[in-house]
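Sequence order for the protein chains is A and B.
Heads up: the first sequence begins at 1 in full-length UniProt numbering, then just goes up one per residue.
Heads up: the second sequence begins at 1 in full-length UniProt numbering, then just goes up one per residue.
In case anyone wonders, no lab produced these hints; they're calculated from the structure.
Mixed in with the good hints, there may be bad ones.
What the hints assert, rightly or not - Derived DSBU-like pairs: lysine-lysine, alpha-carbon spacing no greater than 30 Å straight-line:
#1 K165/A - K370/B
#2 K365/B - K109/A
#3 K101/B - K365/B
#4 K165/A - K365/B
None of the values given here were measured: they were computed from a predicted structure.
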Amino acid sequence: MFNHLLSLLIWLPVAGAIPVLLAGSTRPNLARWLALLVAVLTFAVSLFLLVQYHPDAGGMQLTENYLWIASWGVHYSLAADGISVALILMTTFVGILVIAGAWEVIQDKPHQYMAAMLMLEGLLIGVFCATDALLFYALFEAILIPMFILIGIWGGPRRVYATLKFFIYTFFGSVFMLIALLYLYQKAHTFDLATLAALPLTLQEQTWIFFAFLIAFAIKVPMVPVHTWLPDAHVEAPTGGSVVLAAVMLKVGTYGMLRFILPIVPDAGAHFAWLIIAMSLIAIVYIGYVALVQEDMKKLVAYSSVAHMGFVTLGIFIAFLLVRESGNTDMALLGMQGAMVQMISHGFVSGAMFTCIGVMYDRLHTRQIKDYGGVINVMPWFGFFYVLFAMANCGLPGTSGFVGEFMVILASFAANPWIALFAAFTLIIGAAYTLWLVKRVLWGDITNPHVAEMKEINGRETFVLVSFAAAVLALGIWPQPLVHLMDSSVSQLVQQLAIHKI
Amino acid sequence: MPTLNDILIMLPEFYLVGSACVLLLADAFMKPTQRPMLHWLSIAVLLVAIYLLVMGQPPQSVTAFGGMFVRDETSEILKVFALLTTVLVMVYARPYLNDRKLVSGEFYTLMIFAVIGIMLLVSAGNLVTVYLGLELLSLSSYALVALNRDARLPSEAAIKYFVLGALASGMLLYGMSMVYGASGMGGTPSLDLAQLHNVMSYTTSPNLLLFGLIFMIVGIGFKLGAAPFHMWIPDVYQGAPTPVTTFIASGSKLAAFGMAYRLLSSGMGDLSQHWQLMLAVLAVLSLAIGNLVAIVQTNLKRMLAYSTISHMGYLLLGLAAAGPEGYAAAMFYAICYALMGVAAFGVMLALSRAGFECEEISDLKGLNQKSPWMAFLMLLAMFSLAGVPPLFGFWAKVLVLEAAIHANMLWLAIVGIVFAIIGLYYYLHVIKVMYFDKPVEGSVLQAQQDKPLRVVLSLNALSLLVLGLYWGPLLAWCRHAFGL
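Using the sequences and the accompanying hints, generate a full structural model.
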């Protein structure tokens, strides 16, 4: 089993989706329990990663390599480093919570919903451990199919528009990456990422390939100005869809940058780092202001996701600046580590925020902020969790939100105090939109009579929220294990930044 | 004099001609109650032909009748898949034809004769064989389109198909005559493709040769249905009975690829620098017209017709690359398209009943609630046609794009990929209708209960997923055929 741990993690949920589908609409409870069983099993198997992966050894571990398409030299090759392990664990953890979260909320064809979720989970795990570019690309695109179905069937009133926009937008970005990969294949005759990383390329080639990769991943992250699909997709998606989208799927974009842009086109990356940094700062400051004026709770959190993901891209590309211009690898390491921690932290925080909104939506069937007010009076326990996640969202020390942002801001300060200044704006803007949201939704008197009828969270919802809260607090108070897990992998990435390929 | 060896090489073709004649006679002498037997007999005949082909496969390329007929691995692969898709069409057609009282011996014999035409065409070693195969295929197809001869739309489609097809055949023949003439200027005139291969080196009239080439490309473009020679496709697809449309969209496309390969690579290979650009232009036009016009269609058959045009654009991407890599990719694409097309039309056939033609996109509304399995099969076909991994259609697209990049036509690959994004919309629209829309009030949408149809259609659609996960052997086979 340990030799094929990663394969098992991919195929267990994908294959597990089949019995869930076969359980059929006539036995919805069987489908639910089966799905939960598969999700829990997958999470249990993913815990073995912690045993099998040795953080101190670094490098790619748990490798599996089989020739897939002989005449093209495409391999089914999987491997994981610390970053992959952290992301996979987060995926399997969130996987359980979205299935538990959808339990009786999804009444329409629950078996199809659960099966799509499991399929999505398996494919996402695959993306995080594929080391063959074509395999990565196939998985990267394949995740669109279950997500398309999830938003389209179980989404809100404008779901068709949102899901078509989501699919076509993201597909649009990734096809250019395919052309870049085929071009690289012409030169290297392989899709193996390690070989492509060692391939010398001129700056002109690197520039074209860089932009092809960038458009694919920037749309996925999403970065300003190609973020416009995200608010629509989030608003219309069912709660579980929003949670997976925010918690895991956005990370695919930044993860792709680490695996493709950094090693394959480092010189172009350094050349255009200013562009990415500028885009990240715009995301942090401008999108923060956009979030401030939202009247729809989901839209607000969606925009705050864009702002927070700006920190991840800022952390990655500030490292370019630090290594290439001042040779300050220590600070580069800090920035990169901050970006990684931010990725994981944002996964939990945004997942939790969307779950909270889902809980309220199930009771009142509206996402408009003005329809709420005084929720704390009827749902005190829910209010407790909501405030906790809100605090994490604005980066309060002691929650996971603080750690990553702080590290990235420190690193930016070493590169350029002005960048740090703009990045630090998030502390004010983030607090503003989050706290104002809490004020309008939780505090005050009950103005809407329907709010008075809202019931306190039940056991299932408490379980989901407690799990998210535990993760948020654990990372906030004691981030060391996570940092240690990713440490050697991150320092390897930083070393790669210094290598010129021209 | 033909020798025994010649006959042995052409055994599958001779066997099929004999069987078709026997079926025709059997049809005439059968009692009406025995007619349904014809269906299974024809399928058995085709399966035996596949067996003969695979078992009798010569170790290397051989020719019969003095080079008129070439039996090599390329033709072998195309024939196997042409026969296979025809079997699929017959299985899917049975309930449809039964419900409409169209079951007749002619349908089966005409199908078999069309397949013989395909087999001759893809094995042609001589301009005469090309023309012979093409006409056999075309004439059978014209008659098949008019199978429901009392209805207005099929008759109209058949006439259109016939008139335009005859025009295209004339163009092709005219081009062939010029090439023949050019081969006679400065040497002995020849119709043999292998001889024509080096006409360029000695002919005193290269311009005549080029003119001939252009006319031949018109013929090829028509048969493929590539823009701007695509006018017949939408009307014929929509007007023909759905089983016949299925056949034209599958086996016929394999034949068109085979014809293009024989004429251009075997015959006019020396002129590749000239025809490469012509094919590239056809490809761009097909991609643009096919994908853009498909968006506004409301009739599913018509939409798939425009989608065929765009897919032929991708196939031309591979052909335009003009090397073994490109041919292998284009053949892979043709096979892939045939399987996808049969599956998509197969679902439409499975959903049609007596008095109800499933052919408007809106007919599929809420299919996921009425018949989740059929909706899932259609979903596989649509995502495959759209080229979304991990389905088969994606890899076929990757292969032709790679071939284009390999041939230093990066711009063509980028055009191809941009239109893939545009094309995505109308396939997603079909999925949207099936999955996201509620069924129409009082809709009686339900799948045929015919067991063979359901089983074979399921296998067909699932093969798109299986081949998408493991397409190595098929690619290796295609590449081997072109010496890679």
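For each hint, the structure was consulted:
{"no.": "1", "hint": "K165/A - K370/B", "result": "27 Å, holds"}
{"no.": "2", "hint": "K365/B - K109/A", "result": "17 Å, holds"}
{"no.": "3", "hint": "K101/B - K365/B", "result": "27 Å, holds"}
{"no.": "4", "hint": "K165/A - K365/B", "result": "20 Å, holds"}
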